[in-house]
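Single-letter residue listing:
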Amino acid sequence: MSDLRELYQEVILDHGRKPRNFGPLEGANREAHGHNPLCGDKLDVHLLVKDGLVADVKFEGAGCAISVASASLMTEALIGKSEAEAKALFEKFHALITSDEDVSLEQLEELDKLAVFSGVRDYPLRVKCATLGWHTMNAALENSGETVVTE
Amino acid sequence: MNTESPIIKPTGLDIARIRADFPILSLPSNGKRLTFLDTAASAQKPRQVIDAERHVYEAEYANIHRGVYDLSQRATAAFDKARTKVRKFINAASDREIVFVRNATEGVNLVAQSWGRKNLKEGDQVILSEMEHHANIVPWQMLREAIGIELVVIPITDSGELVWEAYESAFTSRTKLVAMTHVSNALGTITPMAEIIRVAHDHGVPVLVDGCQAVPHMPVDVQALDADFYVFSAHKLYGPTGVGVLYAKAKILEAMPPYQGGGDMIASVTFARTTYADIPQRFEAGTPNIAGTIALGAAIDYMESLDRQALLAHEHALLEYATERLRANNAITIYGTAKDKAAVISFAIQGVHPHDVGTILDFEGIAVRAGHHCAQPVMDRFGVPATTRASFGIYSDFDDVDALMRGIAKVQEIFG
Chain Z
61 MSDLRELYQE VILDHGRKPR NFGPLEGANR EAHGHNPLCG DKLDVHLLVK DGLVADVKFE
121 GAGCAISVAS ASLMTEALIG KSEAEAKALF EKFHALITSD EDVSLEQLEE LDKLAVFSGV
181 RDYPLRVKCA TLGWHTMNAA LENSGETVVT E
Chain L
132 MNTESPIIKP TGLDIARIRA DFPILSLPSN GKRLTFLDTA ASAQKPRQVI DAERHVYEAE
192 YANIHRGVYD LSQRATAAFD KARTKVRKFI NAASDREIVF VRNATEGVNL VAQSWGRKNL
252 KEGDQVILSE MEHHANIVPW QMLREAIGIE LVVIPITDSG ELVWEAYESA FTSRTKLVAM
312 THVSNALGTI TPMAEIIRVA HDHGVPVLVD GCQAVPHMPV DVQALDADFY VFSAHKLYGP
372 TGVGVLYAKA KILEAMPPYQ GGGDMIASVT FARTTYADIP QRFEAGTPNI AGTIALGAAI
432 DYMESLDRQA LLAHEHALLE YATERLRANN AITIYGTAKD KAAVISFAIQ GVHPHDVGTI
492 LDFEGIAVRA GHHCAQPVMD RFGVPATTRA SFGIYSDFDD VDALMRGIAK VQEIFG
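Protein chains in written order, with the numbering used here: chain Z, 61 to 211; chain L, 132 to 547.
Please keep in mind that the hints were generated in silico from the structure rather than gathered at the bench. All values derive from a computational prediction rather than experimental measurement. It is possible that part of the hints are untrue.
Claimed, not checked - Derived DSSO-like pairs (lysine-lysine); straight-line CA-CA distance at most 27 Å:
#1 L:249 x Z:173
#2 Z:102 x Z:152
#3 Z:78 x Z:152
#4 Z:141 x Z:173
#5 L:541 x Z:78
#6 Z:78 x Z:173
Whole structure, please, built from the sequences with the hints as guidance.
In structure tokens:
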């Protein structure tokens, strides 16, 4: 990585400071709690799933810029997606920040704004931060009711 | 054969010369000069320690206390000599009072499981402080679950000092042990351990001291303190990982049952009956970390070759300089402002999570700890999930502080 700015891009700093879809969600029917014991980050993800579609999603909690921005951008990306699409997007996002392989233009287009997290792959210790919200969302979809722990 | 590692006595205090003894400090980090400010988590190792450990494997390695052959006898002698070095280093009365364990954590667990199970019963109380490391909390909680003891936690003030009146008034007829840190790893607070022990002894209560952060910073005299148990880890004392020390008064150790069973801790074994070895071997079941223990001896030799009073003054000067520079920055809050502090500074930068601080500093070649420092109750006390911690060692210099300040400026530029 040539510059720290590739990790801390403006979009990430912006969503870290002013997270979107932040707060409780009235009428939520899928929820999960995520925790990263390494840094103490804690996030709750609330989903309203209607007819197999993510009608609304919000999150709450505290964490580093990477984890908060990731959860914030995730909520924007999820609204209107089917459950299957949401899970598929998680897979793609996970691959983006953990794979050693080059990211194709096509993948980046699919990920849209989420592509700003591509710099995270150079910081293995921060992958957990970027995926905490996603893992929690995934658990909420499955409605396991368990706390998701990434460490 | 000479088992000592060669040590050059520095004249006065020449930090550059000390730094030259630590090979890792000459390697770049992320292409920059390594600014290592995480010594409180684990210290770097001088060449003398690395050489001592290698020398064992290259020239005098065999299992100890077993072979009748020359090599085993030499390894045994070097191992036993390390015990004597530890005894002198903390001024214990006898080598028999020095038990080698894996680390300070195992030392606390040993006391909890051996002394604790024998001497404590349901309803008995163990006094801890709010600023204990998890290693001095969890073993007592496990004992609480097993036999129903109670934990009494003494609060700390906003500056990170023990609330003295709360401590003095915490003793009851059921108080059976005080287990407390000598220096807080998260806040740097040096506790008034001699006084803590005096008060406990006035109530007839023994004291276990977590000395992990104290031993690397200041001379410790367990007899002057009158400590009943004192634990520390070699790796924080510029020695290897995998070796720790439990000091305990001989009369206490003698009355304690074994912690683990196995070889080297027995006097005789038949299927009908086993008699245990005398102290300290009774607590050292199985083959120990032979080379690591000998290397701990080399770390002690190294420390004693230095002017420790001058080092203490140097570390204190670094602490004051860093504190002053951090205080000059309005966006920074320092956690732990006790009058008596070791060279550890926990802080927060307004609006920036410690993990982000840590990543950006890392990019600048600066290694700090970002997290809860295995002391979550301290974090809860100050209402923060985590802090950034810079901790100094004998090789730290003023350039390290300046680099930290430049790194913080970079953090603020990015998050500005």
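How the hints compare with the structure:
A hinted pair counts as satisfied when its Cα atoms are at most 27 Å apart, and residue 249 of chain L with residue 173 of chain Z does not qualify at roughly 62 Å. For the hint linking residue 102 of chain Z to residue 152 of chain Z, the alpha-carbon distance of about 23 Å falls within 27 Å, and the restraint holds. At most 27 Å may separate the alpha-carbon atoms for a hinted pair to count; residue 78 of chain Z and residue 152 of chain Z meet this at roughly 25 Å. Only pairs whose Cα atoms come within 27 Å are accepted, and residue 141 of chain Z paired with residue 173 of chain Z is accepted, the gap being roughly 15 Å.
Of the pairs offered as hints, the one joining residue 541 of chain L and residue 78 of chain Z holds, with about 21 Å between alpha carbons and a cut-off of 27 Å not exceeded. A threshold of 27 Å between alpha carbons decides the hint, and for residue 78 of chain Z with residue 173 of chain Z the separation of about 16 Å falls inside it, so the pair holds.
Checked against the numbered hints given earlier, the structure breaks only hint 1 and satisfies all the rest.
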